[in-house]
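Student: As they're listed, the protein sequences go chains A and B. Counting in my numbering, the first sequence runs from 1 upward without gaps. Counting in my numbering, the second sequence runs from 1 upward without gaps.
Incorrect hints may have been included.
Same chains, same label: a pair holds when it works inside one copy or across any pair of copies.
Calculated lysine to any residue pairs in the SDA-like style (CA-CA distance at most 25 Å, straight line) [stated by the list, open to error]:
1. K317 to P296
2. K260 to E136
3. K260 to C290
4. K317 to R141
5. K317 to S113
6. K317 to A106
7. K260 to D331
8. K23 to A191
9. K23 to F202
10. K205 to L266
11. K317 to S114
12. K317 to R109
13. K260 to I105
14. K260 to E166
15. K260 to A118
16. K260 to S167
17. K317 to E64
18. K317 to A246
19. K317 to R172
Read the hints as simulated data drawn from the structure, not as lab findings.
There are 2 protein chains.
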Amino acid sequence: MSESTGLLRIDLNAIAENWRRLKNYVGADPAAVVKADAYGLGMLPVASALYQTGCRDFFVATLEEALLLRSHLSAQARCLVLGGAPAGAEQTCVEQHLLPVINSIAALRRWQSSVGAAPCALKFDTGMTRLGLPLEALQDREYRDLLAAANVMVAMSHLACAEARESEHNTRQQAAFTQVRQMFAPLWPRARWSLANSSGIFLGKDYHADLVRPGASLYGFNPCPGRASPVRPVVTLQLPVLQLRALEAPAAVGYGAAGKMPSGALLAVAAGGYADGLQRVLGTEGKGFCEGVEVPVVGRVAMDTTVFDVSAVPAIKERWMQSSDSSLTIDILTSTHNVSEVSARNASLGYEVLTSLGSHRYRRDYLPLEDAVSDSR
Amino acid sequence: MSESTGLLRIDLNAIAENWRRLKNYVGADPAAVVKADAYGLGMLPVASALYQTGCRDFFVATLEEALLLRSHLSAQARCLVLGGAPAGAEQTCVEQHLLPVINSIAALRRWQSSVGAAPCALKFDTGMTRLGLPLEALQDREYRDLLAAANVMVAMSHLACAEARESEHNTRQQAAFTQVRQMFAPLWPRARWSLANSSGIFLGKDYHADLVRPGASLYGFNPCPGRASPVRPVVTLQLPVLQLRALEAPAAVGYGAAGKMPSGALLAVAAGGYADGLQRVLGTEGKGFCEGVEVPVVGRVAMDTTVFDVSAVPAIKERWMQSSDSSLTIDILTSTHNVSEVSARNASLGYEVLTSLGSHRYRRDYLPLEDAVSDSR
Chain A
1 MSESTGLLRI DLNAIAENWR RLKNYVGADP AAVVKADAYG LGMLPVASAL YQTGCRDFFV
61 ATLEEALLLR SHLSAQARCL VLGGAPAGAE QTCVEQHLLP VINSIAALRR WQSSVGAAPC
121 ALKFDTGMTR LGLPLEALQD REYRDLLAAA NVMVAMSHLA CAEARESEHN TRQQAAFTQV
181 RQMFAPLWPR ARWSLANSSG IFLGKDYHAD LVRPGASLYG FNPCPGRASP VRPVVTLQLP
241 VLQLRALEAP AAVGYGAAGK MPSGALLAVA AGGYADGLQR VLGTEGKGFC EGVEVPVVGR
301 VAMDTTVFDV SAVPAIKERW MQSSDSSLTI DILTSTHNVS EVSARNASLG YEVLTSLGSH
361 RYRRDYLPLE DAVSDSR
Chain B
1 MSESTGLLRI DLNAIAENWR RLKNYVGADP AAVVKADAYG LGMLPVASAL YQTGCRDFFV
61 ATLEEALLLR SHLSAQARCL VLGGAPAGAE QTCVEQHLLP VINSIAALRR WQSSVGAAPC
121 ALKFDTGMTR LGLPLEALQD REYRDLLAAA NVMVAMSHLA CAEARESEHN TRQQAAFTQV
181 RQMFAPLWPR ARWSLANSSG IFLGKDYHAD LVRPGASLYG FNPCPGRASP VRPVVTLQLP
241 VLQLRALEAP AAVGYGAAGK MPSGALLAVA AGGYADGLQR VLGTEGKGFC EGVEVPVVGR
301 VAMDTTVFDV SAVPAIKERW MQSSDSSLTI DILTSTHNVS EVSARNASLG YEVLTSLGSH
361 RYRRDYLPLE DAVSDSR
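This is chain A alone, in the form it adopts within the complex:
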């Protein structure tokens, strides 16, 4: 049977390989950020592959994500919740061996009054101005006593401008992080310190601390914009063609009649549209590949379909037009035209391309780990 929805192929070997490359670069086991369903690629298969590769620290955003992950991963895995423990969920966190990332003095008070010195993680704000204890608070004697009583397993901060290699914001944040570490390290002997996300890793050794936290780079997203990518692509996306259409007269294609095409043009209507996140993945200068030939999007991406101009594909009309075989496809993401490529050419926030792949209409095909060893060396 031919298919009516796109095929998202996720190479778990590539994800494992990326984790190993980052490990070799840093010289220590990285954590893995698997929040938002592993950026749309599937939290459970991704985390399981990374666990088999040696990863033991997993970051999620919400309690719900953490509970799902915990129920599927070995008790050896540490599971950290970036959004912290919702009020009333402190006991659940302790029972399920989750480490909430405590982000404010109010949250720390709530945690301690509920579960005392249970292990937790703690985030300082060194310049992101989002979640995290503000540095001003550390001057307050009462707050310092609260902090001293905490059983901190991971002490962390987050970079705001890591992708802008030359930004002084990075050096300022790194300096503030070092200062906080000097201040609190003696109080928390078990704590590992963590600052760098994917791009932060490539700002240099000063940013590595004890634990790096890659997310996007594990999934094939280039953490070094403008330079060669240190990671491998992970995802391909292929759409089935629902219909080929030869124009016998000039025509306006799709909604708003926005795509003007000449007589003789050959159009392929592919299954997949903005309800599948395709508008983000295609970007503003949308294109795909048909039998290896670059084919541009014509007109507007619709909810369930996208039209491509396949006139340039050799002999496609003769081979497919009246054929009862309907297995013609359009490649949207390939090993060369990948997530980083699309993001680099577009103003849209790059990571949004990845998370846009989370459509539940795609069929998902996971290439399994070929060599599941607990340590690659």
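Starting from the known structure of chain A, fit chain B onto it as the hints suggest.
Tutor: Relative to chain A, chain B alone:
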């Protein structure tokens, strides 16, 4: 326990009421387009509510959607598949009482050679230049014989510019549709004819034919841009606040340090980001409401969080800053600041706002039908 993810509330009564309004306006039972998980709102609860309200014709995009819908709806419901029958799935369609919308001569041949005169639907292309039989093909004698042999239950076309009320494209498509209907109606005595989507309904009686096919308007999206909406809002979205933060010095907020805020500003970090489709829903001039006060987004929307400037909310600092109660929320979509409002103020494709709400991290709360009658009159 307080919550760590947003709450999407979907009012099934409003959806039912919108269907009844369209029915009264048209004077006949509308179909319902429930593809793409009912534009992100949940195909099964939405279709079930509409069935109870009297709707009997349901349009989906893919075979997978159709099989899921069929397994949950009464056999009385007709289920039409806009993407057609994938090659090899013809028998499945017949067994499951699905009506594929046949979009090309090649597909019609495949259908007839596999299941003969089994009931189907058929789409003509009257000017959308996407899916559908081109009108040129109707001149061909061989094709007309094929068409004459088809057992067509629904014969349809689709408008490309229905939202542009004054576009001549509409009148041209309507005229072509009427011509095709005159040509084929005698051959297909059981066929109902269908042209109008949500906006097409409001182009006038000439566009109603036998069966109208609203989608977006059922879900509260104004089908008449620039005029008062004939439908009720359906969806509200509320995000929990993870942390309140008073700035003791000027600060740059979030990724890229893009949001500049003065000393004294009060920031609320809400749970929900672009992985939840929030970037589309907030639009380019993002805002929410906190205790009824309009609050702007500060800096970039991140994957899991969005920061709002809540300085203007009266006495919020005194009431919430050190409170252990963490039930403060930000309203993103309300009955007045709704999906149509957001779309109207933004260049982004309006319907994409709706489908962007499909995040699986939101908790979903369906307001059930209060008065489930099979006919409202």
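Student: Now tell me, hint by hint, if it's right for this structure.
Tutor: Hints, verified against the model:
no.: 1; hint: K317 to P296; in the structure: within (17 Å within a copy, 52 Å between copies)
no.: 2; hint: K260 to E136; in the structure: between (59 Å within a copy, 18 Å between copies)
no.: 3; hint: K260 to C290; in the structure: within (21 Å within a copy, 45 Å between copies)
no.: 4; hint: K317 to R141; in the structure: between (77 Å within a copy, 22 Å between copies)
no.: 5; hint: K317 to S113; in the structure: between (72 Å within a copy, 22 Å between copies)
no.: 6; hint: K317 to A106; in the structure: between (67 Å within a copy, 13 Å between copies)
no.: 7; hint: K260 to D331; in the structure: within (23 Å within a copy, 41 Å between copies)
no.: 8; hint: K23 to A191; in the structure: within (20 Å within a copy, 64 Å between copies)
no.: 9; hint: K23 to F202; in the structure: within (12 Å within a copy, 60 Å between copies)
no.: 10; hint: K205 to L266; in the structure: neither (54 Å within a copy, 35 Å between copies)
no.: 11; hint: K317 to S114; in the structure: between (70 Å within a copy, 24 Å between copies)
no.: 12; hint: K317 to R109; in the structure: between (69 Å within a copy, 18 Å between copies)
no.: 13; hint: K260 to I105; in the structure: between (59 Å within a copy, 24 Å between copies)
no.: 14; hint: K260 to E166; in the structure: between (44 Å within a copy, 20 Å between copies)
no.: 15; hint: K260 to A118; in the structure: neither (64 Å within a copy, 37 Å between copies)
no.: 16; hint: K260 to S167; in the structure: between (44 Å within a copy, 16 Å between copies)
no.: 17; hint: K317 to E64; in the structure: neither (50 Å within a copy, 29 Å between copies)
no.: 18; hint: K317 to A246; in the structure: within (8 Å within a copy, 64 Å between copies)
no.: 19; hint: K317 to R172; in the structure: neither (60 Å within a copy, 29 Å between copies)
Hint compliance for this structure: hints 10, 15, 17 and 19 are not met, and every other hint is.
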